[in-house]
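Using the supplied hints, reconstruct the complex from the two chains, each of which is provided in its own coordinate frame.
From first to last, the protein sequence lines are chains A and B.
Counting along the first sequence from 1, when you hit position 601 you're at 1226 in this note's numbering, and nothing is skipped either side.
Counting along the second sequence from 1, when you hit position 29 you're at 215 in this note's numbering, and nothing is skipped either side.
Treat the hints as calculated values from the structure; they're not laboratory data.
Since we're looking at a predicted model, the values are computed, not measured.
Glycine residues also receive a C-beta, built at the ideal position from the N, C-alpha and C atoms.
Do not rely on the hints blindly, as some may be mistaken.
[To be verified] Computed footprint of chain B on chain A; a stretch qualifies when at least three of its residues, placed anywhere within it, have a C-beta under 8 Å from a C-beta of chain B:
no. : segment
1   : 672–683
2   : 1342–1350
3   : 1460–1468
[As the list claims (entries may be wrong)] Sample of chain B residues lacking proximity to chain A, with all beta carbon distances greater than 10 Å (derived):
no. : residue
4   : L280
5   : D283
6   : H354
7   : R406
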Amino acid sequence: MSSVSATLDRRAILRMIAAGAAASVAGCKAPNAKIYPYVNQPENALPGSIVRYATAVPFAGYGRGVTGLVTDGRPIKLEGLAGHPASLGATDLFTETALLDLYDPQRLQTVTGPPGVADWQSAAGAIHARPPQSNRLALLTGRVTSPTMLAMIEALRARYPGFRYVAWEPINDDNALAGAEQATGKRMLARPRFEAADVVVAIGADPLGPGPDQVALARAWATRRRAGPPPRLYVAEPSLTNTGTMADRRTPATSADLARLCHRLATLLGGEGITGRLTPPLDDFATHAARDLLVARGRAMILVGPRQPPAMHAFAAWANARLAAPIDWAAPIGGDAPMGQGLTQLSAALHAGEIDTLVVLDSNPVYAAPAELDFAGAIKRTPMTIAASMLPTETSQAADWILPLSHPLEEWNDWRAPDGTATIAQPLVDRFYDTRAASDVLALLADPAADADSHRRVRQTWATLDGKAWSAAVASAVVPDSAGTPRSMPAAGLALPTVAPVRGLELELRPSPTLWDGRRASNAWAQECPDPITKEVWGSSARLNGADMAALGLKDGDIVDLHAGGRSIRLPVRITAGQAKGVVTVLTGYGRSRSGAVADGVGANAWALAKAGDIAITATGERRPTISTEKQFVLDGDLAKIFPILAPGEAMPKPKPEPSLLPNPPAKGAAAPQWAMVIDTDVCIGCNACVVACQAENNVPVIGPDEMAMGRDMHWLRVDRYDVEEKDASGFQPVPCMQCEKAPCEPVCPVEASVHNSEGLNLQVYNRCIGTRTCQANCPYKVRRFNFFDYSERSVWGDADDASITAQRNPDVTVRGRGVMEKCTYCIQRISAAEHDADANHTPVGEVVTACQAACPTQAITFGSIADEDSIVSAKKADPRHYGLLEDLGTKPRTTYLARTINGEDEA
Amino acid sequence: MSQLFSPASNTLARATLAGLILSPVLIFLIGATVARSGFVTGQGRFVDQVVPFSHKHHAGELGIDCRYCHTGVETQADAVVPPTHTCMTCHSQLYTDADMLAPVRESLVSGKPLVWNRVNRLPDYVYFDHHAHVNNGVPCAACHGDVKRMPLMRQAAPLSMGWCVACHKDPEDRIVSPAREFEGAPYVDRTASDRAFARQTMAAIAHHGRHLTDCSTCHR
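Chain B with its partners taken away, still in its complex shape (with noise of 0.2 Å):
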């Protein structure tokens, strides 16, 4: 009767016993890796669009402000995607029959929106306010990254639960001076000014008694 076991069942069993142990821990790990990846949150996702917008050009290289196009950041919930009527203030004028701009033309002729695809999503049942955000010193970067050297839109941020919970559970690093909050990166270079305006900041969310951590601040 020749042997059951071969000298290699010695190796192989402790490799078993060894993986047993390592394999959930292994399987947690690499799950909570992919949950926070981009793969699944979605950071530096490009999106395609109907036509090609630049925020590098617009807003880096001609240095037009935000707020241009984005006119509802300031004064209310919703920020406002523009409509075609801000696009032709200047595509009237320049780049008349550029291809790249026949639909913006064609919507204005139809009268039918252009239809955007949305790159920073939130789920239906997060509200997010950005006049709340924007005047009390969180700057567009935040959120939205570096969005003056982006050719295409770019999803910059994880939008992640754990990733709003934790500035706010702790703002005062995000927070700087209203003068910068439109700049690319406001983050590099802090400023004395804006050290003292998120010092006022958190003294005002402390005074108010605003708990930003309340399930009621984001959910309804």
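Chain A with its partners taken away, still in its complex shape (with noise of 0.2 Å):
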């Protein structure tokens, strides 16, 4: 864990005393002193302008479209790429954050080996000093879908008979592959449909949660829910998680009620499940699920989460037979083969000596992989490891070899989509270090001479391209038609999940929304994003239900050891809302070490607990609890005019207009754009790619753990969630600046910092702001950000030299210097730009894209003019679901809403 926070001694005021008497000399000098034109300037180029080009990023294996922007060769920015089916022009929080890693000053910079620091000449001259044996090769990947790398490794095979070969990901399908064989026969992938589903059961599952296929999901989600007739979501589940916030009808259940359920639901839909007793909310639930499920069969479906036993996947297949659903079946991209027993038998092997070389490409196994493999162990076994991967790893710390791996977007690439559609991936950008394509190390193993060549080797698997339609492919990074065709799944039989005997406590474990499996725990704007649920950062708690926090006399923030399986990790514990009794809730992706100066020591590791079974909670009579931007608290009587729940068709009620003495000029009409963003909470799925689409777009620093646990949290955009008890009703409610037509902020500035345009937004001008904070003080809304200190130029990257960072920034914001309060202006920099290109062309101001509008998967947030009454803008504040947040205090939001509905029971 890092600070940006200094502790003083005296050493350090004296090293602070003379560096601002030095800063003060130096400070004297402009800064931009210096233009470094280009020696041989590319035709079309320009130079300081904002360049859009289609690429890709991979996360978990599979490729996601990005539309990169580049300025004077930078990437300064990761957008969606509308043509990509799993983007459709739209982010997720992995895409976001994936930039980072591009500027990452904790990156591997040289191939190291056992004599130290060396290069990838003496690398490849190790691994060919002894000629591989074939049998005694091992090869160890992620999920790999890439074309070119899936043909690298066939010809490996070729090349080395009897070469051992696993992908593994620690969060995989296996057991969704092993439940469709089991009820089928086949190994094959569900692909839900939302968009003609009109009844979905999700047990134990979270589609809109975060994982590969988030963005395509969620966003026929949220077309289906915005036509009618509205939709009904049951959700079961052992934790709240996005899903089940959205859900119309959750319940919170364990692992033997969610089997129980599913014998309940065979039994109702006409199969036969063991007629156990079920709790009566269980039972009620089960009942009107089977009810609505059979009523829209051909539109109803149920959904089974990747990590519920492969006979509750079984019992879904039937089920969803049976009820026609709307689901397509895929064979998985790469191979089906199981990944979990790949890497016990690999271990196995490795713990066995039958391997000499073990080559770990872009993978964690010592972080991951189950406690019991002891993959540590295997790999000092091992007598010659080589690891690659971007950024320093357990793995790659306990290696003979390190080798550097590029960033995604500095190389070319291919990947599929969860889909089967591939894309072809153009670097933004040069080798910023010594470092080469993942399908180059591969290339390396078969031979000693390899070139570092990615173009040329994708070049290669696409040859089928002619130049034409390969220039196209590039330059939409989706190879058109190559999308795999669903199968037809055979009849299922019925299968059911065991129920276990209830003991003690169990455990669940939950990939992290922000670090996943772990490989985003060295990147700082993942750490600093808060959990959607429980609002945590730079960390995660142990998740319990408050009833068994005072059955264990625990309260919020003590540190207990769970125990499992012989094994314990130390962690705070919080009551969270909508967990399950008996269920204890960890977040994977945390407790990662040598890895670097901001994922070390940031919470503990959750896989070491995991195959283990029941766990056992002891106190440590220590209390840490984990930063958290929000207290959780009740609100009184407040709720229905801050987050309103609505029953489909319902409107909200129409504001008194209140009296003023202050001029109101129309803004319909108006000669001048009139911004105005309406978001609509009833697609909120509260999954924060809007948050460090933000962060990303406006230069917004890290501050890092002390920071953030003194509340100096510098999200310009935060995402407040709530749960409204009466109508047992949750939701996501993201919260930008308002830009008030009467904004409280405005008379308050002594020096006018804070004032209005006349386009609506409230500016603030950086250059004037003097710090007094009054304007915070002053909103109602407290979006306003105070720079405590110069957090631009503070670093959280520990010792590294942070100076790459800055080369992520966007050149058209401001760089906000200590003292100054920020905030959000609607992306001003993008409004400016469209209206400058309509002023210099004499044509009318295009459409302005905010960066959190342009990330938001479900199309939640809408931004235009409300001068035109034409707008999408307009028409949304027409909607009868409109409302302005905290309206009856007369600030006029330009940020409006439209509340949550939920289509609840109708008891008919």
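Next up, the structure:
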């Protein structure tokens, strides 16, 4: 864990005095005194302007199309790519944070071997010093969907017959595949078509939550939700997820409850489950869910989460066949071998000394493999281990040779999306360091003289595309018509999960929505992004139900030891809304070690408990709550105004116009655009893509855990979460600056740094601000952020030289200094760019898309001018569900909301 | 006992009283004058360059169009300082061994850019857009002065906020017809078409509700 807060001793003070004196001299020199033009400017280059290129970045092995915004050769932002099926023009958190990895000062920059710093040639020499014996060579990768890499692995198999290859992801589809096989004999994955689903019953599933297909699923779900008749989402889950928050009806459930629920649903759908007793709420849930499923036959489905046992997947396959559910089936891309079993066998072979050379390519088994495999010991036992990764990991630190991988944006790549669509990704920037692409490393295994030419290798894979087709595929980052065709599923037999007897507490392991399996743990944006449910940053607590906490005599923030299977981890506990009684939920991805200043020591490694069953908790007597950006408390009476819940078709009451002595120029029909935003809380899934998109676009600094603990959060956009108990509903509410027409922050500023412009924007003039913070105190929405220290100049990257981070910054946005108030201004740089283009070309102002709007997977954010009555945002403002936050204060916010709806029970 | 106060004391007392009143005014006046002078704003300042490029020779005497080198000026915010290759379009043929041009040839061979010292400098928090000005009748000379008569580039305007805002408040007299935008001294002898284009531009600004004195026009 790293910190930007200085602890002062005498030497530190002397250092600062000296630095201050030096800075006061150096500070007189203007910073932008030099101009560096090109030597040979590329044709059509626009120095200083932002140019957009289509490319892709991987997540969990799948490719995801992105639009890279590049200025002067530096990618400064990743946005969605409309033509790519896994992006659909939007991004998710993992796509947004991928950019920071490119500039991460912790990146591996050189080949390191037993003699120390080395080069690629000596690494190749070491690999081939003893020609690898075919059956004593092993390769471990993550999920591989890249046609180029798959072909190269096949070539390696031909070159080294008997060589062991294992593809392994800690978060995998093993259970889903095994369940499908159990039910139908085919190893296939279900791909739900939410756009055609009236009723969805999610059993321990989080389709709207983080994952490789989040954007596509969330978009389809939102599309269906906007169309009539109102759909209904049932969720039974052990702990609250994004999907659970968006449910029309949700019930917390232990794993035994989920199994019983499957039995009951099977019975109600016409099969034969064991008829055990269900708790009344679960019984009611099952009855209603089954009724709705049967009524909506052909437009209803049951989803089971990837972590649920295979038998539950088998049940879902049977039920969905019976319901004629809108589900496509597809064979997994890159092979359907069980990943967990593959890793276990590999580990056994390593321990048995059957492997001489182990190559680990962009995978981190030492951290994430089940603890009983003792992968660190397995590597120690192996004569030579070669680990290739972009950032230091536990595995690379344990290996003999460390090979630095390039960032995906530095190389030519190809991947497939979860639906099979192939994408060809062009580099946006030259390699920063002496790194190579993953495909180059594979080439090196076959041939010590292999070059680092990822372009040639990808071009070879797609040799069937002629020059024109290749150019088109690169320019659009999508190979046309390359998606897999959905397979039909043979009739499934009914299989049901066993109901495990209830003992003590059970453990639920969930991927972190920000760090996933740990692969984003070194990413400072990801660490500082609040968890959607608990709003925790820089760490994560074990989540428990309040009753369990009381029974154990624990309070929020108490540090406990979680014991399972002879191992234990130490974490603070937290009462979490919607947690099932008897379930302890821990997020994976934390507790990294030897992986750099950002990741090290944050939280505890939940993978250590991965395969353990029941769990015991012992208090340590210590207390240290995990940092959270939001206190959870009960709102007295105001909730209906802040986060109203409507039934489908219901309208918000019309607000009474408040009398005001202030002049109020009409926004409608004004000559200048009048910017406004509408956020639809009914489809906001709380994924945080907007939060980090805003951070990347607007040069929002990372401040580190210590500053976060002081409540100095710098995110310009936050996502609030509400539970409305009377309505049994919950939801998310993103809160950027409201751009109040009657802004309370403006009259209190002594230097007029907070002023309005003629387009309805509440401006913050950074160069005028003297930092009295009066505006922040006077803002009822608490959206103003104060730069207490010179956060942009401070580093959370430890001792690493963090100059590379500055290359990510958006040149069109001021980098704010110390003592300055900052906030959202609707991406004013994008508005200005559009207006200047309109001025110069004598055209109307074109469409302006804010960074948060561009990122949103469900298109919950609408932005535009309300001066134009035909604009989409004007139409949204006229929606019956429209309301303003704290409207009765008379602030006349320009950012407004559409109310959340719950399609509850129709009591007929 | 001698006199405590000499006859000069009265004068001294009067002068002191007057000075007490006048000196703050004087300090203010001097300060305001210095702040507006070239000493602080840099107006009139010549900057040494690694190659003593003469706009007078190239743009004035030879008549090379501004846009031949500053290619971005009509299409984007940044006017663009030309790449070495632009220099070499002519200088691969002309003055091929001039000592003065040695850094240019070196840049071409080494691939390292020529490093120019900025003349017209705006603070980091000011965002100026060339194409929004140039395409609306604001001539180069409005900010850069009569470049065609500058042997070495000189900062022609104070580039202070007051100076920018003065024009943003009332740009009409600063706007010329597109045909005269790249002239050295377009404000000398304003033509009827200049005035017509200026009126037309002012009407467009009003029609689109553009409020040129909004803080957000230049600051973000």
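Status of each hint after checking the structure:
| no. | hint | in the structure |
| --- | --- | --- |
| 1 | 672–683 | holds (count 3) |
| 2 | 1342–1350 | violated (count 0) |
| 3 | 1460–1468 | holds (count 8) |
| 4 | L280 | holds (19 Å) |
| 5 | D283 | holds (20 Å) |
| 6 | H354 | holds (13 Å) |
| 7 | R406 | violated (5 Å) |
Hints 2 and 7, counting from the list given before, are not met by this structure.
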